[in-house]
Each structure stands twice: as C-alpha cells, then as structure tokens.
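Asker: Turn these sequences into a full structure, and let the hints steer you where they fit.
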Amino acid sequence: MAGNRMQKIGSVFTRTRNLLRIGVVPKPLWFDVYAAFPPLREPVYRSPRPRYGKVKDVVPPVFYPEDEVRARFYRAYGSGPRSFDLSQSNFKSTCQRFVEKFNELKKEGKIEEDRLFEETGKALLAQGIILQRRGTEKVAQPDHQDTQTRDPVLRMRLQTVLEEMQEKKQDQFIQLPAVRMSNCFGPG
Amino acid sequence: MAVPRLLRAAAPRLYSTVVAPAPARQPRDVDDRLITEPLGHPDFFNVQELFSLKDLFDARVHLGHKKGCRHRFMEPYIFGCRLGQDIIDLDQTMQHLQLALNFTAHIAYRKGIILFVSRNRQFGHLVESTAQECGEYAHTRYWQGGLLTNANVQFGPGVRLPDLLIFLSSLNNVFEPHVAIRDAAKMNIPTVGVVDTNCNPCLITYPIPGNDDSPTAVELYCKLFKMTIIRAKDKRKQKEVFYDLQSKAEGA
Numbered sequence: 001m002a003g004n005r006m007q008k009i010g011s012v013f014t015r016t017r018n019l020l021r022i023g024v025v026p027k028p029l030w031f032d033v034y035a036a037f038p039p040l041r042e043p044v045y046r047s048p049r050p051r052y053g054k055v056k057d058v059v060p061p062v063f064y065p066e067d068e069v070r071a072r073f074y075r076a077y078g079s080g081p082r083s084f085d086l087s088q089s090n091f092k093s094t095c096q097r098f099v100e101k102f103n104e105l106k107k108e109g110k111i112e113e114d115r116l117f118e119e120t121g122k123a124l125l126a127q128g129i130i131l132q133r134r135g136t137e138k139v140a141q142p143d144h145q146d147t148q149t150r151d152p153v154l155r156m157r158l159q160t161v162l163e164e165m166q167e168k169k170q171d172q173f174i175q176l177p178a179v180r181m182s183n184c185f186g187p188g
Numbered sequence: 189m190a191v192p193r194l195l196r197a198a199a200p201r202l203y204s205t206v207v208a209p210a211p212a213r214q215p216r217d218v219d220d221r222l223i224t225e226p227l228g229h230p231d232f233f234n235v236q237e238l239f240s241l242k243d244l245f246d247a248r249v250h251l252g253h254k255k256g257c258r259h260r261f262m263e264p265y266i267f268g269c270r271l272g273q274d275i276i277d278l279d280q281t282m283q284h285l286q287l288a289l290n291f292t293a294h295i296a297y298r299k300g301i302i303l304f305v306s307r308n309r310q311f312g313h314l315v316e317s318t319a320q321e322c323g324e325y326a327h328t329r330y331w332q333g334g335l336l337t338n339a340n341v342q343f344g345p346g347v348r349l350p351d352l353l354i355f356l357s358s359l360n361n362v363f364e365p366h367v368a369i370r371d372a373a374k375m376n377i378p379t380v381g382v383v384d385t386n387c388n389p390c391l392i393t394y395p396i397p398g399n400d401d402s403p404t405a406v407e408l409y410c411k412l413f414k415m416t417i418i419r420a421k422d423k424r425k426q427k428e429v430f431y432d433l434q435s436k437a438e439g440a
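Note that the protein sequences, when read in sequence, are chains A and B.
Taking this note's numbering as reference, the numbering of the first sequence is continuous, increasing by one, and the terminal residue is 188.
Taking this note's numbering as reference, the numbering of the second sequence is continuous, increasing by one, and the terminal residue is 440.
Hints are computed from structural coordinates only; laboratory data are not their basis.
Bear in mind the structure is a predicted one, so any value in this text is a computation, not a measurement.
It is possible that part of the hints are untrue.
Stretches of chain B that chain A covers, calculated by requiring three or more beta carbons in the stretch to come under 8 Å of a beta carbon on chain A [to be verified]: (1) 268-276; (2) 282-288; (3) 310-317.
Cβ atoms here follow ideal geometry from the backbone N, Cα and C, with glycine treated the same way.
Answerer: What follows is the structure in structure tokens.
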C-alpha cells in the first residue's frame, strides 16, 4: 500500500488527491466529504518561526467607553462592598450599577461633569449601597474600628495567649532571681 | 532465478505488511445514492440548530489564555485582548464549529471510525464516556510513538485506521502539540480539533478556535459531538431502511 507521509508539504487533501490520480490508493471515506465541504483555511503546514525585530501587536485591546467610569470607581472605592457572583449570567455588580447610574445622570444633563461622580455616589447611597472610600487619611480609623468589631473571638484568643506569655515571663523572673539581681547590681 | 522469487514470497510474512483484501464491491445504484445524497445539501444533518452564540458564550468558550501565551497562528481567530486576556472571536468559532460538526456527521453517516483524543487529565473520563455513548473510540492516555504510523506492527497486519481524529485538547501535558496531530497528517487522516489561543492550528483540518480548559466548554463540545454522531448514525439507519423499502417496492 502506497502512502504519502510528508506532512509538511501540501495538505492532507492535496496529497490524497494526487495519490488517487496516480491510482495507487483506494479512495478514502472522507475524500468526497472534504471536496464538498472544504475548511475555511487549507490545513497546510507553516513553520512557527518567532517574529524578529520590533514586534507589532496585531490583536487590538478591548476597551469600552464605560471603562473610564469603572477606573475612577475602583480608584476611589476599591473593589465594591459586594463580591462578584459569576455563576449568574445576568449578575450586576456594584460597579456596574454605579456605571449605569452615572450614564443615567449624564444623559439627564442637570448636573455638571465635575460633580457627576459624587452625585452618583450619593444616589447609590440613597438606594442603600454604602460605598467606603479608599482614601489615605481614612485608612487608619476604619481599620481599627473594623478589627475591633470583626473578630471578637480572635481578639479574646489573642488576649489569652498574651496573658499566658506574660505569666510565663513572670514565672521565669521568679525562678531565676539570682541572675536578675546579679544583672541589676552588675555595673553598679 | 528461484531465489528472488522465494524471497519475494517470504517478504510479506517477514515484515508484517500484508495488505488487507479489498472488500468485495457491489456497485449498486442504491448504495451510491445512499452515500452521495447527503453531499448535495449544505446542512443535511441540521447541525446548526444544536448550538447558538449564547450557548457558546455561557459555556465560556470565548475565554482564551493570557497575552504572553498567545500562539502566532491563532491571531486571526482572536477578537481582542481584554486587560491581558485573549478573547476568541465567537462569530468565527460558530462558522468553524458548524463546518467541523458537519464533517463529523458525514463521516459517521458513512460508517467511519472516529477517535477522540485528549491528553487533558481533568476531562479524560468525560471524553471516554462520550466516546462510549456514541459507539466510537477514545484515546486519553499516553500516546505511544507508532500507534498510527506503525500500526501494522503494533496491532497486527491489516488494521483499519481511524477515519477521523477529534481533539478535545490539542496539547499534551507539557504544552506541546499532541503527536497525534502530526501522525494523522502523515497518515492522511483528517482531524477536527479544539484549538485554544496557545495552540498551533496549522495541521488540523477543521480547527475550532475555543476554550479547551473550562469544564463548561469541554462539556459543551462533548455534548455537541455526541449529538451529531448519534444523529448521523440514526439518519443512516433511516435511509438504509428507506432505500430498502424503495427497492423492494420497485422490485415487486
């Protein structure tokens, strides 16, 4: 049985067609189907050489006009209060609601451009979504408050651990009075 | 004089390249009509109704790898790059998927042997069970070098090789192109394969640009292939019965 194993020359179809023309191979099952429904690109081998010199990125980046609003939102408020639930296809995140509100207010046109951002924040607050600002001055206070309210159990455990450590240190002081006294009177 | 003749006679048994006897051809008009009728219609098996753009989007078929992993030859199939992640153009994927499913259906209609290949361990079982449910074959383990190219030695003389290879993931576990792609091109076997943004689509006869890593996407592909193959086989049985009855009616 003849065959053509040169996968780097031509496509599967051209090689089989030529073999059929010579008459050394019986017609395969798929030949007529390929002839009737050829693929969009002929499957010819191309050597994957890397690009040399300055590489131009042929694939365009995907950006939307709402991305500017989204960028400002994330810079001001960090990631929103509600996490993303990707299992639902119609899920609307806090950022998306912000963007929609922003576009609504912009279309109404009653508020100036500079104040549009704060107005959107206030509108969302009115709807019940609390947005915590990610500014540098306010970082310290919310953190303290948060740690105090967040994990009382953790705090209690830490306190007990610290108390135990202090008790152990006091025990050590009691056990080795001679050393401590000598150190105290050393330089003297 | 006699020696060369004896050597020539012994040669086939020495090298196990005995040619399988050609099947007895019965040139009947009905057989030809049975086989060539589907080629006339652009979508004989109506594979277009099996999937829609929304199905592909919900199954996350459009999500590619990061910009750095991109293969040069996948650039025409990529819609754009969103914050470093490649997004595959689903319009092109729809076209390619329709062609690939149509081709698979025709091969299954002509009683071709289909082999599912995937070296992705996460979906090995899924691919094997899909193949079993269609009544076709799957190979999701280590691919030995000479499975296609040295089949007569490995399996015995006169093996029938698969007529179509379907790749659910065209890379192996070290992110290199699967050896079976090259081997199928060598043995003049057409291939259908899901190519992600880091794969080489050159040698695959009917590539399907799409995500090959998400479970939802691979489940969608398996479901589509299974449905097309079963549909094609049922159509074949129907047509055989139809032509049988027709010929009996004509004969009687």
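Asker: Under the constraints set out in the numbered hints, which ones does this structure not fulfil?
Answerer: 3
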